[in-house]
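J.: Residue numbers (our numbering), protein chains in the order written: chain D, 1 to 582; chain U, 1 to 198; chain A, 1 to 480.
Simulated from the structure, these hints should not be mistaken for lab results. In this text the structure is predicted, and so the values were computed from the model without any measurement. Be aware that one or more of the hints could be misleading.
Using C-beta positions, here's what the derived DEER-type ranges look like [unchecked claim]:
id	chain 1	residue 1	chain 2	residue 2	range
1	D	252	A	103	53 to 59 Å
2	A	426	D	340	50 to 56 Å
3	D	435	U	130	51 to 57 Å
4	U	130	A	288	32 to 38 Å
5	U	130	D	298	38 to 44 Å
6	D	481	A	97	28 to 34 Å
7	D	563	U	10	50 to 56 Å
8	D	563	U	81	40 to 46 Å
Note that CB positions come from ideal geometry on N, CA and C, so glycine has one too.
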Amino acid sequence: MVVKVFFPTSCSAADSGLLVGRWIAEQSSAVVLAVLHFPFVPGQVKQYLTDVRLASGLGLAVLGSWSNSAEEKREELEQFLEDLRIIFCHEPWLQIRREKSTKFWSCQAIRSQQESAAEEIKVILIYHDQRKVMLSLLHPPESHLAAGDHRTEPLSTGGASELAAVFNTVAQSRVLFMTDKYDEGPVRLTHWQSEGVEGSILVELLKQASGPVCMFLTFLLSLLSAVCKSRVLQMWPLSFLWSKLSTCEQLGHRLHQLRLLCSSKKAQDQIQFTRKANILVSFLLDIVLGVLLLSWLYSKNRIGQLADTLIPMADYVAQELQDLLQWLMGVPAGLKMNRALDQVLGRFFQYHIHLWISYIHLMSPFIEMILWYIGLSTCLGFTMALSIFSDVIALLTFHIYCFYVYGARLYCLKIYGLSSLWRLFRGKKWNVLRQRVDSCSYDLDQLFIGTLLFTILLFLLPTTALYYLVFTLLRLVVVLVQGLIHLLVDMINSLPLYSLALRLCRSYRLAAGVKFRVLEQQTGKPLRLLMQINPLSYGRVVQLYSLPTSSSYPKDSWGSLLKKLFLGELIYPWRQKDNKQD
Amino acid sequence: MQEQQFTNIYGGAISLQCRSYDAASCREFSVCTQKLSLRGLTACTCAVWLAAYALFAYTENSAVLSAAIFVTLIGLLFYLHFVKIDQESLLVIASLGIQMTSYYASGKESTTFIEMNNVKDVVINEAIYMQKVIYYLCILLKDPVDPHGISEVVPVFQTSAARHLPTRWTASKAAGPSNSFEGAVQVEINMCILETTL
Amino acid sequence: MACGIEAKETLPEPNNSYRVNCGKWSLLRAHRICMVSDFFYPNMGGVESHIYQLSQCLIERGHKVIIVTHAYGNRKGVRYLTNGLKIYYLPLKVMYNQSTATTLFHSLPLLRYIFVRERINMVHSHSSFSAMAHDSLFHAKTMGIHTVFTDHSLFGFADVSSVLTNKLLTVSLCDTNHIICVSYTSKENTVLRAALDPEIVSVIPNAVDPAEFMPDQDRRNGSTITIVVVSRLVYRKGIDLLGGIIPELCQKYPHLHFLVGGEGPKRLVLEEVRERYQLHDRVHLLGALEHQDVRNVLVQGQIFLNTSLTEAFCMAIVEAASCGLQVVSTRVGGIPEVLPENLIILCEPSVKSLCEGLEKAIAQHQAERSPSPESIHNTVKTFYTWRNVAERTEKVYDRVAGETVLPMCERLERLFAHCGSVTGYFFAVCAVVNFLFLLFLRWVTPDSIIDIAVDATGPNGAWTRQHISTGAKKGKRTEA
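Model the full assembly from the supplied sequences, consistent with the hints where possible.
T.: Structural data, given as structure tokens:
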């Protein structure tokens with residue numbers, strides 16, 4: 001039988017006394033939490049342990065004796081410790097003795113008479129840093145995570161895990177450590193000692209103030225959300241518009257986060273606390289970046305310059321489009337198109353551009369003012385500015401979107417027509433009820449009409465396909481730009497900066513597991529190991545703590561995207577995946 | 001502590017050190033691979049620089065040369081810090097667990113500790129790897145949900161690619177009619193060196 | 001971590017009592033056989049079960065057998081089946097119809113590794129549809145390993161695809177040591193297609209396990225007549241004919257039922273027929289069947305119908321006859337050889353002829369002139385057994401082991417002489433390239449680096465030894 005003794009390094013220099021800790025029977029391991037010093041009254045010690053047991057919910061007990069031979073009067077002490085075993089009976093009784101001038105301790109685990117004959121008990125001493133173990137949060141390995149979503153409760157999975165039990169024990173016995181060194185309690189203990197809470201008036205004031213501030217903010221936020229949810233804004237055209245604008249989504253997301261942050265409920269555990277801290281840090285960073293951008297924008301009349309370049313840009317784009325249409329209406333790339341259809345389509349699109357240009361010119365006197373007011377919103381955060389930018393792009397390229405939709409609808413119609421007529425050709429038909437292709441016998445005139453239509457559609461297809469191709473490419477460019485902006489926004493929204501900083505500066509706080517180092521050995525003495533905390537890798541930190549984002553990414557693969565493009569189904573930028581139906 | 005020489009699956013030389021700390025309860029096995037060869041390093045650097053020089057002669061842009069130096073340095077750092085593993089060790093502590101450590105050429109260590117009550121078994125398995133069929137040593141982890149299942153297979157000495165050979169077989173046969181395809185049989189091969197310690 | 005050779009030496013010899021117990025074993029000439037085919041479990045069909053049963057019987061006879069096939073979905077790597085039959089599921093890309101894509105060279109590294117580590121001295125490829133089988137023949141010949149090929153199917157000579165396949169077969173088989181066909185028709189066909197010397201072509205029919213296909217009188221429904229069809233629903237199996245037969249017979253006989261097992265693209269034809277003539281209660285489509293369920297389907301009927309358009313050796317009719325069914329089949333390929341005339345009604349592959357045949361069978365059944373299922377089963381039981389197949393295959397192996405593998409120069413000459421100038425030269429170049437590739441691989445990973453695998457089966461097989469030890473224990477227990 002092997003007994004594992006987890007011994008805190010902070011106790012290794014303690015005076016002789018009793019070992020207080022928890023015995024985990026199923027793993028036959030003893031977690032030493034503190035050393036209890038002489039003099040004491042056994043009754044008081046028992047009373048004290050019961051109190052602590054109630055406070056921490058852990059089965060604390062006296063595990064054995066500890067003797068540090070730096071002191072004198074050895075023999076009597078030995079005898080005394082031997083007697084103690086009878087008072088605090090514990091199975092097995094540990095005896096750890098530290099001798100002068102050697103770092104190897106002798107260690108024994110003694111069982112009562114009947115069992116001792118059965119087998120020899122070996123002891124492994126495992127040193128650990130009590131403070132780090134207490135503060136660190138043990139994460140389950142990746143494979144466990146895959147089995148189910150344990151993201152919210154990393155400790156619960158480790159029920160069977162031995163290390164989790166040890167970590168739990170140390171973390172829950174915080175009550176034991178909170179007694180101050182100078183407190184005159186009934187007993188005197190040695191364990192890890194905090195340097196004392198650093199008290200500052202400012203911190204205290206902030207703490208006091210945070211409550212009312214939070215309440216005030218919550219009130220404001222609830223007011224704001226009440227306004228947002230009001231009936232007027234939920235009416236049909238408006239709600240449709242809101243769902244399309246990424247600015248609104250980002251605003252909603254931030255509001256939700258703020259509400260979470262200001263809620264009067266205290267964070268229940270470390271995970272929730274970390275999440276709140278992450279939100280706060282990402283929010284602050286966002287604001288700081290936004291303010292920087294604001295100061296850059298409003299110095300040296302940059303807004304005016306921007307507005308001045310915007311109109312010529314739009315004109316230029318429209319001109320280019322017009323040229324492109326002219327080219328398509330001729331003999332593009334040497335292709336011979338159906339002349340009549342080509343002309344009709346080209347004129348239609350040209351008229352559209354004409355409309356667009358006049359609309360822009362109508363707007364031009366107000367553009368600078370609009371930009372000026374929009375620019376103010378940057379103070380709400382960098383992500384907000386990016387979202388607005390994305391929306392502005394969407395508005396300015398509305399004509400491209402229109403072209404794309406017309407082209408796609410036309411093309412889609414043709415493809416579907418062709419595919420169903422091709423089935424008619426082969427004597428098949430699509431059975432809607434059974435979702436399969438059935439064979440079917442057609443009449444002669446049905447076949448005749450079908451063939452006629454098929455031929456017409458087939459010969460008109462290249463013209464439509466060309467228009468569709470060109471406008472799809474244009475649309476893809478816009479979607480790509482918008483997608484990149486959304487990616488950036490999501491990254492700022494979801495990056496767990498607080499956790500990352502914690503990992504960087506206090507790497508023991510986020511533990512992936514432990515690692516052991518074998519310390520120097522001497523024959524006849526127990527095996528000595530040093531337990532260190534293995535920090536979580538950065539990738540895992542991001543994976544575990546990244547904040548949920550508001551956007552839903554389409555799960556489309558490239559293959560399905562290509563298929564959609566080929567069939568002429570409409571594609572949308574990433575945010576609008578949910579609204580595919582309309 | 002004894003040291004033995006072996007070859008890995010690519011024919012390269014590796015050495016195995018077995019160190020016993022405390023009778024049978026704590027043993028360490030470490031496999032050292034070949035150190036970074038100066039010849040290969042020089043060849044790579046020369047190749048990159050020659051290519052850069054050719055490009056420089058063609059474009060007459062000196063940024064190419066500085067980029068080449070930069071790329072070589074970054075590449076070397078990356079290789080030493082993330083790719084090249086000098087030594088892999090397996091520390092087996094009775095009743096506590098198995099710890100696997102990889103020592104990178106830059107001195108970085110990466111450690112994984114597996115608790116003993118998560119270990120289902122240690123077996124030598126057979127697998128198709130690249131264009132080879134090899135035996136490899138691996139640790140089977142218990143599935144926390146299903147006590148008979150295996151949640152994960154953790155290969156040991158992965159980068160040193162040591163050749164493991166089964167010296168003792170224990171085959172367990174699934175009950176079933178002998179003529180059906182269903183009687184798939186699971187083979188477990190215990191490794192002799194770990195038998196004593198586990 | 002002992003070295004391979006040492007480990008091999010530590011393996012104890014099989015004890016003598018074992019050798020005495022299995023006196024019929026030819027331990028002197030135990031071959032190490034590698035079966036290669038694209039088709040194996042979990043795919044289901046005639047070739048697959050042929051390979052499996054043959055391997056099991058060869059293992060029983062003391063040979064070492066491994067099977068190499070391509071990965072099926074998640075099933076990849078190395079697996080073991082009953083009695084230590086070792087399967088390599090190689091990660092090769094599937095191209096069409098479960099057959100792998102071939103480039104003639106890309107599979108060499110893995111196959112060479114397997115042949116070396118398993119110390120293979122006989123490569124046995126199956127099915128001419130399998131690209132992997134041809135590849136492995138090619139590589140084995142390059143490496144100087146004896147080769148055997150089993151052809152399971154018949155081909156035409158007229159259309160483009162068969163002309164191409166025939167050419168490929170000519171190239172692949174011209175320097176193969178021995179070829180096995182499943183029926184005389186198939187042998188004729190193969191000899192003609194691949195322009196082979198009939199001397200090196202043997203006929204070993206397929207077999208069924210009669211114990212698995214026992215008749216069961218209780219399962220039959222007395223008042224109705226059920227016609228059973230079990231086949232893949234593809235064009236080759238004549239499902240279009242079946243679609244013509246069903247309405248015609250169903251109109252004539254009101255108590256006639258059809259039971260169709262199997263899956264495939266032609267299922268639609270049957271479904272449409274069923275819907276058009278409103279036969280939902282009389283035509284049952286069971287979908288894909290597991291191998292062990294086939295018997296339970298067969299015993300529910302009285303008549304078995306096979307409408308194949310081409311067939312080398314029809315396992316299905318033997319299985320059906322073994323279950324005591326009256327068999328009606330088309331007269332194509334090797335089918336006439338399979339069963340004696342009193343057990344089968346042969347028809348031309350047309351709707352009319354098949355209907356006549358079926359009517360004859362129904363009349364026989366109604367007049368109760370047909371023999372009882374038990375008597376049919378007892379007759380068929382003796383015809384085809386796997387032990388017999390394995391014995392005959394073993395003889396082929398023994399003969400092949402005595403021959404020499406053609407050296408490179410003779411191989412090239414054979415290719416020129418047999419395969420025409422263009423193809424011959426092309427494949428001669430391929431053979432040379434393959435040989436150079438092999439030399440390159442031997443330089444990169446010499447044979448000495450490749451670990452010798454522990455034998456699961458064969459004379460020194462870990463499985464056989466373990467089997468003996470548990471068997472001995474059991475024996476002791478029963479004695480006590």
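J.: For each hint, tell me whether it holds in the structure or not.
T.: Each hint, compared with the structure:
{"no.": "1", "hint": "D:252 to A:103: 53 to 59 Å", "result": "holds, 56 Å"}
{"no.": "2", "hint": "A:426 to D:340: 50 to 56 Å", "result": "holds, 53 Å"}
{"no.": "3", "hint": "D:435 to U:130: 51 to 57 Å", "result": "violated, 44 Å"}
{"no.": "4", "hint": "U:130 to A:288: 32 to 38 Å", "result": "holds, 35 Å"}
{"no.": "5", "hint": "U:130 to D:298: 38 to 44 Å", "result": "violated, 60 Å"}
{"no.": "6", "hint": "D:481 to A:97: 28 to 34 Å", "result": "violated, 45 Å"}
{"no.": "7", "hint": "D:563 to U:10: 50 to 56 Å", "result": "violated, 43 Å"}
{"no.": "8", "hint": "D:563 to U:81: 40 to 46 Å", "result": "holds, 42 Å"}
Checked against the numbered hints above, the structure violates hints 3, 5, 6 and 7; every other hint is satisfied.
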